[in-house]
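Protein chains: 2
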Amino acid sequence: MTKFLAEIDVMPKKEILDPQGKAVTGSMKNLGLAEIQNVRIGKHITLEIEAASAEIANAKVDEACKNLLANLIMESYTFEIKEA
Amino acid sequence: MTKFLAEIDVMPKKEILDPQGKAVTGSMKNLGLAEIQNVRIGKHITLEIEAASAEIANAKVDEACKNLLANLIMESYTFEIKEA
Chain A
0 MTKFLAEIDV
10 MPKKEILDPQ
20 GKAVTGSMKN
30 LGLAEIQNVR
40 IGKHITLEIE
50 AASAEIANAK
60 VDEACKNLLA
70 NLIMESYTFE
80 IKEA
Chain B
0 MTKFLAEIDV
10 MPKKEILDPQ
20 GKAVTGSMKN
30 LGLAEIQNVR
40 IGKHITLEIE
50 AASAEIANAK
60 VDEACKNLLA
70 NLIMESYTFE
80 IKEA
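Top line first, the protein sequences correspond to chains A and B. All residue numbers for the first sequence refer to numbering that gives the first Met the number 0, where the first residue is 0 and numbers rise by one. All residue numbers for the second sequence refer to numbering that gives the first Met the number 0, where the first residue is 0 and numbers rise by one.
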C-alpha cells in the first residue's frame, strides 16, 4: 500500500450566487484594494489516503468528493493526487 | 492594465486542531472510506485583479491575504497568479 496526498478544491458553481465572496469583494474597496474584483470563496481540502495504486486512490477520492465533500447541485470540485 | 487571476489556499496551521476536518475524517469511515485519513479543511479563494504588472498584482494579493483573507495566527496561505 502506498500513501497518497490529495488536494481538493470545492467551489460554488458559476451560476450560483456566492454571498460570502460578494461581501469580501466589497471589503476589498474599504481596504484600498478596489482593483480586486469577483472574489469567490470555496473550500480547500487536503487528505491522506492509503491505496494500492494511484488509480485506486483517484477513484476513492472522487467517491469521497461526490458523496461527502461537495454538494454537486451547488458546487463543483477538482483534485490532484500525488505520492506522499 | 492587465487582468490577472489569483488562486489562494488558506489552511489551518498544522499545530491548530481542525474540528471540521476531524469530523469529516470520522464520516469517511461510515462511508466505507476508512483508508482516508487526516482530512484538513480550509478555504479556496479565486479573485480577479487589474494591475500594471504581475509583480504589482502579486503584492496586492499578498496584502489582501494578510489583511483580510487569512487569520495569520491560526491560518497560513499560499497563492498563484496567472494572466487572465
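Rather than coming from a laboratory, the hints here were simulated on the basis of the structure. The C-beta atom is built at its ideal place from N, Cα and C for all residues, glycine as well. A hint or two may mislead.
Taking CB as the label site, the calculated pair distances span [said to hold, decoys possible]:
id	chain 1	residue 1	chain 2	residue 2	range
1	A	SER52	B	LYS65	28 to 34 Å
2	A	SER26	B	LEU30	25 to 31 Å
3	B	LYS81	A	LYS2	28 to 34 Å
4	B	SER75	A	ASN70	32 to 38 Å
5	A	LYS2	B	LYS2	23 to 29 Å
6	A	GLN36	B	LEU30	34 to 40 Å
7	B	LYS21	A	LYS28	35 to 41 Å
8	B	ALA58	A	ASN66	38 to 44 Å
9	B	LEU67	A	ASP61	16 to 22 Å
10	B	ALA58	A	ASP61	35 to 41 Å
11	A	ASN66	B	LYS21	32 to 38 Å
12	B	ALA51	A	ASN70	37 to 43 Å
13	A	SER26	B	GLY31	37 to 43 Å
14	A	SER52	B	LYS2	37 to 43 Å
Worksheet item: What are the numbers of the hints the structure violates, in ascending order?
Response: Going through the list in order, the structure violates hints 1, 2, 4, 5, 9 and 11 and respects the others.
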